[in-house]
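*Asks:* With chain D fixed as given, assemble chains Z and S onto it according to the hints.
Chains as they are written, first to last, in our numbering: chain D, 5 to 333; chain Z, 191 to 506; chain S, 716 to 1287.
Keep in mind that the hints were calculated from the coordinates and are not lab data.
Some hints here could point you the wrong way.
Here are the simulated lysine-lysine pairs, DSS-like style, with alpha carbons at most 25 angstroms apart [to be verified]: (1) Z:Lys-437 <-> S:Lys-1265; (2) S:Lys-1130 <-> Z:Lys-437; (3) S:Lys-1265 <-> S:Lys-760; (4) Z:Lys-437 <-> S:Lys-760.
Derived list of chain D stretches under chain Z, where covered just means 3 residues or more per stretch with a C-beta under 8 angstroms from a C-beta of chain Z [unchecked claim]: (5) 75-87; (6) 90-104; (7) 206-218; (8) 255-262.
These numbers come from a predicted model, not from an experiment.
Ideal Cβ positions, reconstructed from N, Cα and C, are used throughout, including at glycine.
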Amino acid sequence: MSGFLLRRVLGAVVTLFAISVIVYVVFYVTPGNVAQITCGPRCSPAQVQQVAEQLHLNDPLYARYWDFLQGLVAGQDYSTGTSVQHCSAPCLGLSYQSDQQVTALILAKLPVSLSLVFGAMVLWLILGVGTGVLSAWRRGRLTERLLTGVTLAGVATPVFVIGLVLMIVVCGQLQLLPFPQYVAFSDDPEQWAWNLLLPWLSLALIEAAAFARLTRAAMLETLAEDHIRTFRAYGVGERSVIGRHALRGALAPVIALNANNFGGAVGGAVLTETLFGLPGIGQELVHAVNVVDLPVVVGMVLVIGFFVVVANAVADVLYAVADRRVVLA
Amino acid sequence: MPAPGASGARQFWRRLRTQRAALVAAVVVALLVLVALAAPLLTAIEGQDPTTYHPSLVDSARGGVPIGSFGGVSAEHWLGVEPQTGRDLFARLVYGARVSLGVALAATVVQIAIGVVVGVAAALGSRWVDQVLSRFTDVIVAMPLMIMALALLAIVPSSFPRPVLVALVIGLIAWGNIAKIVRAQTLTLKGLDYVAAARLSGWGTWRIARRELLPGIAAPVITYAALLVPSNITVEAALSFLGVGVKPPTPSWGQMLTAADVWYQAAPQYLLLPAGALFVTVLALTVLGDGVRTALDPRAASRLRIGTGRKREAKA
Amino acid sequence: MRQPSVIARRVAAASVSLVVAAGAAACGPEDNDAKGAGGDSTPHKGGTLTVLNSNPQEDFDPARLYTSGGGNVPSLVFRTLTTRNRENGEAGAKVVPDLATDTGRPNKDATVWTYTLKEGLKYEDGSPITTADIKYGIERSFAPELSGGAPYLRDWLVGAADYQGPYKDKKGLSAIETPDARTIVFHLNKPEGEFPYLATQTQFTPVPKAKDTGTKYEQHPVSSGPYKVVTNENDGERLVLERNTHWSASTDAERKAYPDKIDVRSGLDSSVINQRLSASQGTDSAAVTTDTNLGPAELAKVTGDKELAARVGTGHFGYTNYIAFNPKIKPFDNAKVRQAISYAIDRSSVVNAAGGSALAEPATTFLPNQKSFGYTEYDHFPAGDAGDAAKAKELLKEAGYAKGLTVTLTHSNAKDFETSPEIATAIQDALKKAGITVKLQGLEENDYSDKIHSVKTEPGFFLAHWGADWPSGGPFLAPIFDGRQIVKDGANFNTGLLDDKSVNTEIDAINKLTDLDAAAKRWGALDARIGEQALTVPLFHPVYKRLYGKNIKNVVISDWTGVLDISQVAVK
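The shape of chain D in the complex, shown without the other chains (with noise of 0.2 angstroms):
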């Protein structure tokens, strides 16, 4: 177990710094000036000098990535203009368009991200899961039928329909709900969940049919396996045959597509926040890209890219420990 746990841990250092580098090399080549994307439209030639100076933005790239790397090991000195600041390590930088250090930036945001993710996770395992087995298990009653027609409408629209049409029909015309606005976790826990029902919802309908039937065709496979036939021959009830054997066999499948769903969501549900307003990793991170606020992308695309490699590791755990003919690498 340790040597896995170091073997990943290494593993996450050397992905994360592939990404950093990654990032710094596309936005080097992307077309935009900076300076005076910064600097604001009216800015003359000589003021967006200054900025591209003041921003390092016209140093070699291999300069600006060892800056960056050093701000990261042993934090970074800045002026605001009337006194200096100290950013300490890791110190992702500042943001090109409000000067604020990127670390903070992040830790406000994740909390939103990670409610979402967290909560829509848990919804599409039980709405994806529960249907696949319901198909495999009762095919053609009336209930999976439904739930399998949803699942399906969830996968053929894209979230901001889902979304705004939910929006529309819940919270306009209905008025089952009020329009859903973040509430911090710390600040009122139930009005929290309230208002994150609706981002949890479209996002777990949009992702739930992949499960549903992954869950479905992975089942009817384990079924199909001589050690259920065994089982059944045996005379163990139905429900355990399903429950534990089958659904046992189908877990691999279904770990490895969440965690990669999960990580991605991170910083991939950049509809759903945009849609529902909540101020998350995934809308900071394009509003970054458009304006080309560097110091900001590597800093979200990193935290992605942590929590990608993290619910990896974890799944591959939760994989062992389900089917115990693997070996953890």
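*Replies:* Relative to the frame of chain D, chains Z and S by itself:
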């Protein structure tokens, strides 16, 4: 016990033919592809095209709502017209099918190709190979779609055909899930008896992969692929939403969904038409995917006979 | 609950005048938005106003903001020497004094402007406002750490071109004199009759030097207005303002300050904002938006609903969307080609692409259609409603393109209010009829912005737009048509690359005038003259329509900003 997959193509078709639902689905998919390919012919029959504006058919003072019932349905415009522009919706829908289905299919092929290769290699290779490939997969999965899309769009000159580029972007970015699923499934299969038997018989790694493992991973891959095509259509919609999808005036279902989103209350058919088309596509592809998966697995026949609820399926 | 018949009659009477309601001023018994039992529509103090926005109040630092007339939310906190007149329509396009006693006293040739501060002006902490603070506020806007804003201060003030700001340059700006705590004098490079307009910008807000924290100032700027900043989360994502008890209404005729608290939220999706304002439930009934317009889809929904239509404010802002030509690139160096395209344009399909006739007005002049700009109606190349393809073909033949022409139209891919891709395709469709094949080149927003604003990479034929820094012909025409404003190695807005001595001289002459009405007439005449050269094809002027909540009272929409003025609004 004969190894699965050794039964051959003929048995596969035989088994596929016995499933009515899958056959219907296959027909629907074929129809969709046909409609997409024959788009110019169909619109010529209707006498319209997807890019001509008809400003007289929309009510300019009310934001461009189509004039007439059901969004301007008439003998000239079979499915009505688009709000604001007055462009023919039937034409845009069928031309959009070309782009959406084409992009989604191409992207899916790319995703499956890369995902299977990476997943199998990771599962069968040494621990070090597995680590490197898994971490590489992590990097790709972690990279947000938007960044990759923007990067590629920025680097590639704008003369490169945009739909091809979008298909490549989606394909190159989203193979991570397939790779994960394939790796997981391969790891499981690796431990099964018949594979061990093959190994003992002296078969090389790649031979094992081709004959024993690929059929085994076919099931989850096909199941997931059936969902990948429509999912890629919505990814294309997401890219349009973020402003980096196919460029106007090229219609695509994704673009139509993005634009129609806000028109839900004032002109619902504008949203329901592409959404409905997409739903039918998903349904057909899913059922077809199920059928193909079942047909690939000879044990399914015996499973069908035992049954888990419905007797009438057992017809093999 | 059944309403008594007396009330019902009053409501019925009021609803007749609702037709005129959009943007009505009012305070008093004939107020058009009759609400609730009793229909009381006089505004009262108190309550919390919620503002639902898409964009955050970024860079809430007076040195960095780039506003027209001091901004909507910013002007609640930042008072300036002069400000815009907060009244409906045309009257709102005038300058009135704010911190100063008048709109400024110029010398004979308008190169020196003197202002006197009112008495009894205080910051949120009770300390007095002095002219030294105004001078400091302007100086710090030159600091590179606080970049942003419009270039006028740098260009107009004597010796300011190389000034680096007070953090580096301790000497300060000699162009600004403060002989005593209530007098301030500005020395300009050349005559500028419109200096009072410039003094409405936030850079003219007093900033106490002792409280200046550089880039951190935006988190809690010291307020001179009726509200102070209590919370500023994440660079303007959420801004909460509360009453500044040291602000006194007797020194401020322009701001009403009815609500006790203002909660500005952002990051919301624009369709959701419109949904919430339509539904108007809970706190949304006391909500407005300062940046989200009704799109065509929402307009379609609203026009069918009388109650909703009554809660829509309509306004006009000085703004023009147009096609720009680069006469250095063939075939646009040929005036006849430019004229042919001007004739071929189908403005009705362009207007539809922009949201329909309720949201966009077809434009044939470069200046916006408002009196303050000196709007002179002209249509040098009448294309009619749907374009004059025949005349266009004729001109093309004269230019030597009898067989037709193929050109590339450059536009941005960004989906914004101007919906550039859809407008580009509308133009493509229209020009087809005149035998002109248009290839579309859509660029990512940053790339597009880079290319069109650089003399070296400017495309031949592209979509552009321009808004008024203040409602006058000056800031509208000069940056676009003054040859001396062509920037060779930076952001250039004179896209027609026009450098006509007579035009430049006329601009200088008009700048000498301090009689703004006379100046407006001459700007209009200049616009008509420049229009003959067909360097641009004006397309449309946008109309802003915005919803507000059920309980919002005293909606004032001026022609300066075109949107609801948040300083006038009451929620009780």
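*Asks:* Hints first: check each against the structure and report whether it holds.
*Replies:* Consistency of the hints with the structure:
no.: 1; hint: Z:Lys-437 <-> S:Lys-1265; in the structure: 40 angstroms, violated
no.: 2; hint: S:Lys-1130 <-> Z:Lys-437; in the structure: 12 angstroms, holds
no.: 3; hint: S:Lys-1265 <-> S:Lys-760; in the structure: 17 angstroms, holds
no.: 4; hint: Z:Lys-437 <-> S:Lys-760; in the structure: 51 angstroms, violated
no.: 5; hint: 75-87; in the structure: violated (count 0)
no.: 6; hint: 90-104; in the structure: violated (count 0)
no.: 7; hint: 206-218; in the structure: holds (count 5)
no.: 8; hint: 255-262; in the structure: holds (count 5)
Checked against the numbered hints listed earlier, the structure breaks hints 1, 4, 5 and 6; every other hint is satisfied.
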